[in-house]
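So you can see what is in the structure, the chains are spelled out below.
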Amino acid sequence: MIRSCALDALTSEVDGGAILAIGNERYEMIQKFRVCTLFGLCLIGVLATTWATPLYAADVNVVNEDSVPIYVIAGAPVSPLPEKPAVDEGIAELGSRLFHETRLSANGQVSCASCHVLEQGGDDGMASSIGVSGKQIGTNAPTVFNVAMNFSFFWDGRAETMEDQMDGPVHSPDEMASSWADIIDVLNASAEYQQSFDDLYDGEISERTIKDAIATFQRTLVTGGSKFDRFISGDRTLFSAAELQGYESFMSLGCVSCHQGVLLGGNLYQRLGIFEDYFGDRGNVSAADYGRFNVTGAEEDRYYFKVPSLRNVALTAPYLHDGSVPYLADVVSIMAYYQLGLSLDTNQIEYLVAFLKTLTGTHQYLNPNGDEPS
Amino acid sequence: MSRNLLISGVLSILLVIGIYSSYQRWFQLDVRLYHYLLEQIQELRVSDALLDKSILELRTGISLNYDHVNNSATAMRSISTSIDLTVESLPELSESVTKAIDGIGELNNARFVDLERYKSQHAIYRNSTIFVQTQLVEVVQEIDDKSIVAAIVEVSDFLRDPLLQHKQRKTDRVSSEIDILSEYADANSDNHVLISIVRHMRLLQMRGDDISSTMTSLMSSGVTGSIDALLKLYHTELINVQDRVKAANIILSVVAITLLFMIAFAVSRIFRDRKSLLNLTQSLENRVKERTADLELAMIEAESASESKSQFLASMSHELRTPLNSIIGFGKMLELNHEEPLSPDQKIAVGHIKNGGAHLLSLVDEVLDLSKIEARELELSVEHVHPAHVFGDCLELVRGLADSKNVSLGALMESDNCVLADYGRLKQVLLNLLSNAVKYNRDGGSVNFGCEALSDDTVRISVSDSGNGIPNENLSEMFTPFNRLGMEASQIEGTGIGLTISKRLIEEMGGRIGCESEVGIGSTFWLELPRSHGNALAQPVATRETQHRVNPLLQSGSVTGDILYVEDNPANRDLMKMILGRMGNLTLHIAHTAEIGIVMAEEVHPDLILMDINLPGMSGTKALSVLRQNENTKDIPVVAASANALPHDIRTAMESGFDGYITKPFDIPVMITTISNLLEGVDVDKGQSVSVANNSSRSTRVALDYAPLGELDIGRILSAVQMLPPSYRAILENQANSIPVILRELQHVSSTQDFKAVETLAHKLKTNSGTFGARQIWSLAQEVENFARDEALEEIPRLLDDMEKEYDIVAPVIARLMADLEADANALNSE
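First to last, the protein sequences are chains A and B. Counting with the working numbering, you get residues 1 to 374 for the letters of the first sequence. Counting with the working numbering, you get residues 375 to 1205 for the letters of the second sequence.
It is worth saying that the hints were derived from the structure and are not from the lab. Warning: the hint list may mix true and false statements.
The calculated SDA-like cross-link candidates involving lysine to any residue, where the alpha carbons are at most 25 Å apart (straight line), are [to be verified]:
#1 B:K520 to B:E462
#2 B:K427 to A:P82
#3 B:K1008 to B:T934
#4 B:K1179 to B:A1110
#5 B:K683 to B:T696
#6 B:K427 to A:E160
#7 B:K1179 to B:H1122
#8 A:K84 to B:T448
#9 B:K427 to B:G582
#10 B:K473 to B:E462
#11 B:K427 to B:E462
#12 B:K427 to A:T161
All figures in this text were calculated on a predicted structure; none of them were measured in a lab.
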């Protein structure tokens, strides 16, 4: 029992990891460790290293040396979104229903989707969301699209997994002000949910299964097919001049230093205000502005936030953790000023915005009619 | 015992199974978990290497994508979590390993913190580096001041190579150059790019040490070393665990083998027990067989002992009878010799000789009787008997004795009670009791009789005397053989087996006999017999007592023929000569041995051979078979003449082919009858007319008169007359008289459809006619009886007519016979 739990934990946590290549098939071999421990270890290391050596999308796809700057070719640290993962459709559907279930909140009016409006880019368009208490919470609601690929969750990264993240809004008195026990009671009272959990989880309605269902749903919120992804996948003619100019600026000015990886963000923490003092300029600093400091307690982590993903950034205004910037052009400018020590001219900003708009992907919630992203 | 062992065997097997399954649970799974943990640690080691690789790639600029390092870190994190879970489920894990794992977890967490910091710093650093590098060319072209350009290039070169960052000696110079550049930039404030470059440079310079130290911390986190140490430690642990499992295996094997041995032992015990049980059964069976064999042997011995006894009695009686034969026979011959009559004194002397012989013979006969009873060869003819009749017979016999002792005999109790008994035997018993009662009575005493029905089923007959009585302590010995209760020395004659025989006879007839006595007053002997509700044949009480006498018929010869007598005993030969000499025209040839007899038989071809059985050399039986095998002699009738009087001997002899059997001492009438019969038969068989001897002897005449009738079995009549006690002459007479009466009754009844009555009457007629050897009437009566039983009366009138005609022929003969007998008896009485 315990062992099977451990195995479950392992498989769910490391899903997709190259390491898992060392499967149970190797078990027997490893058992003979006394004879070949060192050899086996070396072999595994070599194999795993070989397999794990990444093939960068840019390396493969950006080959037109004439049209694209050298640094882009050399190692643009971006990659297209992966395919929507294959998940249990039933569970995803249950997750979707739970995601939209207002009864999960204390007053029965707030669902996950209340603040993460899928049709509006996965957030609520507000500087900071309002939950059951009616009070504004400290930070801007990030988009739930492509959320699974974030390396940590919340602006300060205080949750390492999506499942852990869910505890936040559920328990927060200002958000849903609920508890898993209450939610389980609510779901138990519903024949419909009971049926679904009977079918999918052998009737187990628990924190684990609820989280799993919602997380599974969220893993499907992948907005592939953006213009950018198609561009870096080889369609060089796709970008307009402005968009290409913007992309070059994005690279050359240094945006990509932090907004990188598959999400163009969401894979590191960075201090807000490197060249200039953002919070000094803005004033009215609250605890929510301390960022990572709130998690680690280390002074050097103060004002450090998770770099947000730029995917669908055109849809997720207002911007920054405090939601203080309503327009994309403004936040581009602000970012350049505080983070890169640059004062961009309007052209540069225009190009960059044009580029950023190519990051808008497709999803049935985003484009119910299958519209091409603008 | 076996079942207990079986149960314990089953329990042992269950225990083994239980231990094995538990063992799987307790040890095998743990071993798997231990191995799984090892696998996880190895994976952790691998992911640690991957993470280091990713970090190095970042540092060297091979990769700028934090996704990779993130993936490595995430993988490592989940492996750590998984390891923690595994450790939780392995409580037996040694503390050093747990601590090492915890330590690695802490180191890892510290490294993750460093990693995040490094990523942030690295982003800035790379960004500034790239910015400086990319913008450098453009800026440099616009600047004329060579020293500034040189400074810019030098600084950028310095900053570009992260490996040189820690070269302290250059740091100060770079710092001052940046200051110069900063001044220059401030002076050319319109050159925004230059300003930016300088700011980046300053940033790089400022953050250079930080990122360097973060990197150092990150790469020297000690995680790798710890994991290696853990692996080493865990190997030891794992070996220990395996040793433990091995030990457990050994223990389990020992336990299992022990249990298996126990089971095997149990099974073997079961089989052994079963085997020993089988052996026991076998030996028991053998013992039973042996015992049975012993018993059979004992039985055979007992039987042979009994046989010996019988043999002894037989030979005794033979030995006794042979001399008695001479004594009585010659005594009679002397008496009957009319040509040379005895003087009165001689007559008295011969009378004593005869009486003594007769007494001795009766003793021998009683002994024989007893042996017969014991041999269960007693043939009883149980029928309705009127005890009063029997008493009547007996009284006549003891009256003489009673008179001589002056004992008064009581009146016969009038009673209609009938018993089921053999008439002759009952009479024998009563005679014994009566004679005892007289013999052992006091002078002038009395004897009384009783006959009463005790119940519906039992009749008690009692004989009371007024003798001295018998002490109670002797009563129980009354009926034991040869016990005369102190009377051995007395004057009273007795064999001491009379009561024993009586007891046996009564018991054979289904009755009881007993005695009650009071000393000084007298004794009462009683016997109880089954009561009969039928009618006893009306038999008049015989009123005359006669002595046993020689039939007058036999006083002279009446038949002719050659007779060969084979006999070794001269006395017997002489006796035979005398007897046959009286019989008339008989020629007697004598042979001393069987061998001579056989030769003589062939030469003389006699009409009859009398053969002694016990001959020296060849026995009579053997001689018979030789004669039978010889064509010339095989048809000659051979009569055995032997002193062996046991029924067994007679039967054996008859079975071996003798035509007759006469016992010694010769009962002369029987012998004569037998001889006559056979000689007559020979004549008939030969188809010759009966040769009639012109003999005027009365007996011969009677015999001759009977013979040609053919209807009467003369031998039967004679034997009937001779074999029955004298008192039976009355019965004969009665029977003779009853024949015409029955015939009349039959005629009468046959018209009434009363089958039962017809059947009864026919049966009675059959019996009565049979007595006289009236064969035709007998067979006709038989037919009538059969028809009556079948309730078919059609034939009966004809049969009755035939019987009437037959009776007309027979009646005079019977009448004459009866008259002769009467006359004979009278003649004897008159003597």
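These are the hints, each one checked on the structure:
At most 25 Å may separate the alpha-carbon atoms for a hinted pair to count; B:K520 and B:E462 exceed this at roughly 68 Å. Distance hint between B:K427 and A:P82 is fulfilled; the C-alpha atoms sit about 24 Å from each other, no more than 25 Å. Proximity of B:K1008 to B:T934 is assessed by CA-CA distance (about 21 Å); at most 25 Å being required, the pair is judged to hold. With a C-alpha separation of about 16 Å, the suggested pairing of B:K1179 with B:A1110 holds against the 25 Å cut-off.
Taking the CA atoms of B:K683 and B:T696, the gap is near 19 Å; set against the 25 Å cutoff, the hint holds. Under the criterion of a C-alpha separation no larger than 25 Å, the hint pairing B:K427 with A:E160 is consistent with the structure, at around 22 Å. Our distance criterion of 25 Å between C-alpha atoms is met by B:K1179 and B:H1122, whose separation comes to about 17 Å. Using a Cα cut-off of 25 Å, the hinted pair A:K84 and B:T448 holds, with the two alpha carbons roughly 20 Å apart.
Distance check on the hinted pair: B:K427 and B:G582 sit about 21 Å apart at the alpha-carbon level, within 25 Å; holds. Note on B:K473 and B:E462: the hinted pairing holds, with a Cα-Cα distance of about 13 Å set against a maximum of 25 Å. Taking the CA atoms of B:K427 and B:E462, the gap is near 30 Å; set against the 25 Å cutoff, the hint is violated. Proposed proximity of B:K427 and A:T161 is supported: the alpha carbons are some 24 Å apart, at most 25 Å.
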